[in-house]
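Q: Single-letter residue listing:
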Amino acid sequence: GDVLVFAAASLKTALDQVAADWREETGKQVTISYAGSSSLARQIEQGAPADLFISASSEWMDYLQSADLITAGTRRDLLGNRLVMVAHGVEVARIELDAGTDLAGMLGDERLAMALVDSVPAGVYGKQALMSLGQWDAVSSKVAQTDNVRAALALVSSGEAPLGIVYASDAVADAGVSVVAVFAQESHAPIIYPAAVTANSTSVDAQAFLEALSGPGAAEVFRAQGFEPLVGQGDG
Amino acid sequence: MSLSVRFAHRFDGFALDVAFEAPSGVTALFGRSGSGKTTVVNAVAGLLRPDNGHLQLDETVLFDAERKISVPVHQRRLGYVFQEGRLFPHLSVRQNLLYGRWFAACGVGADFDHVVEMLGIGDLLQRQPGRLSGGEKQRVAIGRALLANPRLLLMDEPLAALDEERKAEILPYLERLRVETDVPVLYVSHSMAEVARLATTLVLMDAGRVIRSGPAADMLSDPENVPALGVRAAGASLNATVAAQEEDGLTRLQASAGPLFLPRVDAPPGTRLSIRILAQDVILSRARPEGLSALNMLPVTVTAVRLGDGPGAIIQLQAGEDLMLARITRRSALALQLEPGTECFAIIKSVAVAQSDVGGAW
Amino acid sequence: MSLSVRFAHRFDGFALDVAFEAPSGVTALFGRSGSGKTTVVNAVAGLLRPDNGHLQLDETVLFDAERKISVPVHQRRLGYVFQEGRLFPHLSVRQNLLYGRWFAACGVGADFDHVVEMLGIGDLLQRQPGRLSGGEKQRVAIGRALLANPRLLLMDEPLAALDEERKAEILPYLERLRVETDVPVLYVSHSMAEVARLATTLVLMDAGRVIRSGPAADMLSDPENVPALGVRAAGASLNATVAAQEEDGLTRLQASAGPLFLPRVDAPPGTRLSIRILAQDVILSRARPEGLSALNMLPVTVTAVRLGDGPGAIIQLQAGEDLMLARITRRSALALQLEPGTECFAIIKSVAVAQSDVGGAW
Amino acid sequence: MLSLKVSFWATLLSLPLGVAVAYLLARYEFWGKQALNGLVHLPLILPPVVTGYLLLLTFGRRGAVGAFLEQAFGLVFAFRWTGAALAAAVMAFPLMVRAIRLAIEAVDPKLEQAASTLGASRPWVFATVTLPLILPGVIAGAILAFAKAMGEFGATITFVSNIPGQTQTLPSAIYSFLQVPGGDAKAMQLVLIAVAIALLALVLSEWLGRAVARRIAGS
Amino acid sequence: MLSLKVSFWATLLSLPLGVAVAYLLARYEFWGKQALNGLVHLPLILPPVVTGYLLLLTFGRRGAVGAFLEQAFGLVFAFRWTGAALAAAVMAFPLMVRAIRLAIEAVDPKLEQAASTLGASRPWVFATVTLPLILPGVIAGAILAFAKAMGEFGATITFVSNIPGQTQTLPSAIYSFLQVPGGDAKAMQLVLIAVAIALLALVLSEWLGRAVARRIAGS
Ligand SMILES: Nc1ncnc2c1ncn2[C@@H]1O[C@H](COP(=O)(O)OP(=O)(O)OP(=O)(O)O)[C@@H](O)[C@H]1O
Ligand SMILES: Nc1ncnc2c1ncn2[C@@H]1O[C@H](COP(=O)(O)OP(=O)(O)OP(=O)(O)O)[C@@H](O)[C@H]1O
Ligand SMILES: [Mg+2]
Ligand SMILES: [Mg+2]
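Protein chains in written order, with the working numbering: chain A, 5 to 240; chain B, 110 to 471; chain C, 110 to 471; chain D, 3 to 221; chain E, 3 to 221.
A couple of the hints might just be wrong.
Straight line, CA to CA, 25 Å or less: simulated DMTMM-like cross-link-like pairs of lysine to aspartate or glutamate [unchecked claim]:
no., chain 1, residue 1, chain 2, residue 2
1, D, 7, A, 113
2, D, 7, D, 208
3, B, 177, B, 160
4, D, 112, B, 160
5, C, 276, B, 315
6, A, 146, D, 72
7, B, 276, C, 333
8, D, 112, B, 193
9, C, 177, E, 31
10, E, 188, A, 28
11, C, 276, B, 272
12, D, 112, C, 193
13, E, 112, B, 193
14, E, 112, C, 121
15, E, 112, C, 193
Hints in this document: simulated from the structure, not taken from any laboratory.
Treat the numbers as computed from the prediction; the structure is a model and nothing was measured.
Assemble the whole structure, with the sequences as input and the hints as a guide.
A: Here it is as structure tokens:
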């Protein structure tokens, strides 16, 4: 292919669409390898032939940047996302989430599904949000952690857990859950999907595809999948 | 008890079709290697399901192809001594011996200590079978079958791996079993001496068929059977009663034709014994010879002369109430002018009668 | 070629300590079950590494504990017939037979077709060993060893599972092997008849030790050995030359003591044969008896009288240039007043000499 | 440690079923044999996540079997260590069955026949002859299963998620550490612990298997 | 299909090594035996991610072995399908070795002895007696390895990533679909394909193993 992209797995649907559109437009082939951000970053560290890296969190991008493995000046914050609380069932009544909400009581002896709260970004953000709402101490013992957001969603979707905290983009397509609350942006660190051209990229088209990702056509696709395009908010 | 066997079975390249009756006592299957003896025993045991036929032990139908009856192996209450041992490698000799006991309907059965002593395996009880010699394995296998308290004993060349002395110790035991219990025994052997000693019934097999069968005494003394049995195995049994134990170590017996002296037979006076005399051990004389080292001379009458194709001849003799066979050269038969009705003397060396040819009660 | 064996080994519960020489020809190991025969053979084969000792085949040291020499099994060029067959289950009979050929230094070796025919396994060549009878397996095992073109043959009870007829077919072949090649053969057997027929050297074992060893002819005709060999196995060999084939099927031979008539011996006039005569088949008479069915009467002189504890006696006789043994009752020995120097006649029935007792050249 | 407990019970409880299934596959011909065989191997073929998901659908509280078990026996798998054990057992099952089946196929049916002539019915033959003879194979199967259970995590975390102190097994802890930059050192520490435990079990089982085999060979 | 190719080569190429290691472990006592045994089992115990990571560190372009192999033989594992095969082979290796080892341990040493008395040296004994007799075990080992390789994904995706057409195996494709909303249906399709292929291989191997076993039993 002309461009090899290493991207966080949660972007698959949207990125596949954007890549297809771009190929129609330019005739250039984009190949995308989806995996966990941590795996991808380590592979790039070990000399993977990736041209472009799109991470699900800033951490792993920072990690590569500090090792000079991305081309200076190409890093930009591509997308944002929102953190939501989902409940099992269709059209469940919304919950007012604030310090006074008895979240623990609502759970009873059931579980709150989240991604790993110390390592997987969605889990980390969720924990921050619950802490800022003063809920963490009450519910921490009732959290069921999974290795990725999708598994947490599956727990709610199958009814195994009544509530879960996932990305808005995840909640979009699952008919078995309803979004009952959206966490305030300020309640957790910003959810950002940064992108950058890697340092040893040999592709002349990498920069062009990165531009296309920031373009309006791509923005529409991303938005449809529940992401928030952050065009022009990059740091470089 | 009595076992009735009738079945047919095909392997590719070999077809078996047999029928015979095995009354209580020992029924010997005799035949060349590959003639189907083991296959017959396996069918009786239930390890082989014949294509068709019928097996019955007394009133119990063990197998019937048409009525689709086949009693499971473990309910047939067998003691099977396999041609190849088949000891359980993970159990000690003692555990092997007692294996059948776990399942045996409680009953008197063979006595453990007695069997162990007879088989000479007392020192081996704690060993694993992997550390036994060939003959030791076979002895344990015999013990295992005897101790299972069986209703039917199947023995496939049980003594082939054993030396003569050990055989001589085990044979009387099997004989006693034959006499004291009415467990039918199917006994496969290549050794005519064993067969002649033990068998009450003899089944001759060849190429998957029974060529002759019947009571062993009749079969063995019938000159017609000599070719099938092999000339060196032919012979007949005299019935005799122990008369006295003489002090030079001989035992005097009384047969219907006269006295017989044999090396010490351990039986009290009055015991009735059956003594097998091989045709080739008998010398005939027209006159009563003098000054011979042979002690036994019985007056006999020739009842049949059968000249073979070869240099030999089989002479059937009436010795008192019993029949005897003598195998001599054709030349001697002609020289002595033997024909039915001729009176002569049968000379038998005392030492030619092996201990293993002196059988139990008749 | 000649094999020299000397070693000691301990299992727990059993100690072995043996030393003997096996010159070319057949060396028979004879002893009770569990006396250590298989263990000796395994040590010679290299399958068991003795605690100490020395094994040598001609100039080649096969094993030396002190010099830490041990020739690997596959370089010893053996043909080993195991007590339990050990055919390769995944190979056909033909492939089993030819297995050794793959590795044999090219050489003349035994002829495939000939061995197959002798063993009667021509019909089985395409079979897998799992579908053979016990005796068939053993025959294939014998063939496999013979065809490996060995420098040393080890046979652990090779004929035990076979019927007399088959034995009678295989024995002459082994005998020919003994005569025609100088491959030493270590032969384990329980059958004195086999041993007497085949063995050039006899090693008597008991409880892990060699109790006597030496040339078979001497060992068998020595009255002192009778207890060890068993009374029924004692006997000696007469050397005789085939004189004529007579038309009634008998063969006339000339021994140094006189003529001998035997049932047809397939050998041209002039052939020198060794004929084993069992002590128990000999009858003694002071006078030359008349009118007897026995054809052979040799004039002999008593050289030794050995009265046993039991009812029997062993008489050693000089028959021309050969020694013979006769086993009679003690009572007869006294009645005939036999003592060294006594002249008398030995009566031997023609038919008492089995085909298997007529051996090859001497 | 939880991982140990989970693996131990997963192995122990699946062992009888493993032996039974292996025996069935080794010694009988029946309709649907290939289907059963396939089913047993399924967890090996499927990505663990899928297996975990299927377990969730079946044994979850709302799952058909799960709901029944909860009602009937009060047995709950979801979010309990029992669920982790179930997931580990399912994942390890193919390995266990294969090992035991191979062992069964190596047992000489002639010995089983000999036992039956001595009066042992099929179950007794199995208990007194087959089982002792396949013991080394059973041990090998168990150790494979134990090792696999110790290392299993994909299906486990999907099925019962990761509740520290209840369902967090060693592998999922290791996974967590690997998800954050700089967690490598901590992860490797845990890896060493896991390896040490598993190796210990391995050596133990080797030794046990050898002892059993030696007993059988009698040398 | 890439997955097939990867699994096939992974199985085929690791087979000789698997047989060799199994033979070593079954028939010899040597210093470091337990260490080798442990090493072989390691991929089973470690979470696949860790295995993948260790592979990346060793066989990656910057890894010690990887760099050497590239220089010396031009053999590159990193981010090629060969790497996927390597990962699959490593993950499947313990299963293969165990199965083969069990088979070897079930071979009666007496038959091997018989072969050596007939002049066969150790390698020949192995080739003409041991190997044919363990064939059912080898087939079982291979099929286990193949199934595992078809299902393997944790180590693969960590080692060689998930590049469509180059290193994307069926399981990693399944994984990608499972990571996004609405991908389940697609994922299930792929699962079905994977299952079908693996089952086919399974049935084939059963049949093959049976034929070999029947030939040996001669019935
Ligand atoms: N599974 C089988 N398939 C084909 N042929 C077989 C099978 N089992 C036995 N045979 C053949 O059937 C015949 C009879 O075998 P069987 O074992 O009954 O002989 P046997 O009389 O016991 O011989 P032996 O005295 O040598 O043990 C033999 O020719 C043998 O080759
Ligand atoms: N591995 C072993 N461990 C302990 N004892 C053993 C072992 N192998 C054989 N023995 C014992 O050594 C003795 C000699 O065994 P060996 O097999 O040499 O006897 P054998 O003379 O061949 O007997 P047979 O005629 O019964 O085959 C026996 O008492 C046997 O129990
Ligand atoms: Mg037989
Ligand atoms: Mg022996």
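Q: It remains to establish, for every hint, whether it holds in the given structure.
A: Cross-check of the supplied hints:
A distance of roughly 24 Å separates the Cα atoms of residue 7/D and residue 113/A; the hinted pair therefore holds under the 25 Å criterion. The hinted pair formed by residue 7/D and residue 208/D meets the criterion: a straight-line CA distance of about 21 Å does not exceed 25 Å. For the suggested pair residue 177/B and residue 160/B, the alpha carbons sit about 11 Å apart, so the restraint of at most 25 Å is met. Restraint check for residue 112/D and residue 160/B: the C-alpha separation of about 21 Å stays at or below 25 Å, so the hint holds.
Between residue 276/C and residue 315/B, the direct Cα distance comes to roughly 17 Å. Compliance with the 25 Å bound is thereby established for this hinted pair. A distance of roughly 20 Å separates the Cα atoms of residue 146/A and residue 72/D; the hinted pair therefore holds under the 25 Å criterion. Among the hinted pairs, residue 276/B with residue 333/C is consistent with the structure: their alpha-carbon atoms are about 23 Å apart, no more than 25 Å. Of the pairs offered as hints, the one joining residue 112/D and residue 193/B holds, with about 10 Å between alpha carbons and a cut-off of 25 Å not exceeded.
At most 25 Å may separate the alpha-carbon atoms for a hinted pair to count; residue 177/C and residue 31/E meet this at roughly 21 Å. Pair hint residue 188/E plus residue 28/A holds up; C-alpha atoms about 23 Å apart against a cutoff of 25 Å. Annotation: proposed proximity of residue 276/C to residue 272/B holds, straight-line Cα distance about 17 Å (limit 25 Å). The straight-line distance between the Cα atoms of residue 112/D and residue 193/C is roughly 15 Å, inside the 25 Å bound, and the hint therefore holds.
For a cut-off of 25 Å, the pair hint linking residue 112/E to residue 193/B stands: about 15 Å separates their Cα positions. At most 25 Å may separate the alpha-carbon atoms for a hinted pair to count; residue 112/E and residue 121/C meet this at roughly 21 Å. A distance of roughly 10 Å separates the Cα atoms of residue 112/E and residue 193/C; the hinted pair therefore holds under the 25 Å criterion.
The structure is consistent with each of the numbered hints, conforming to all of them.
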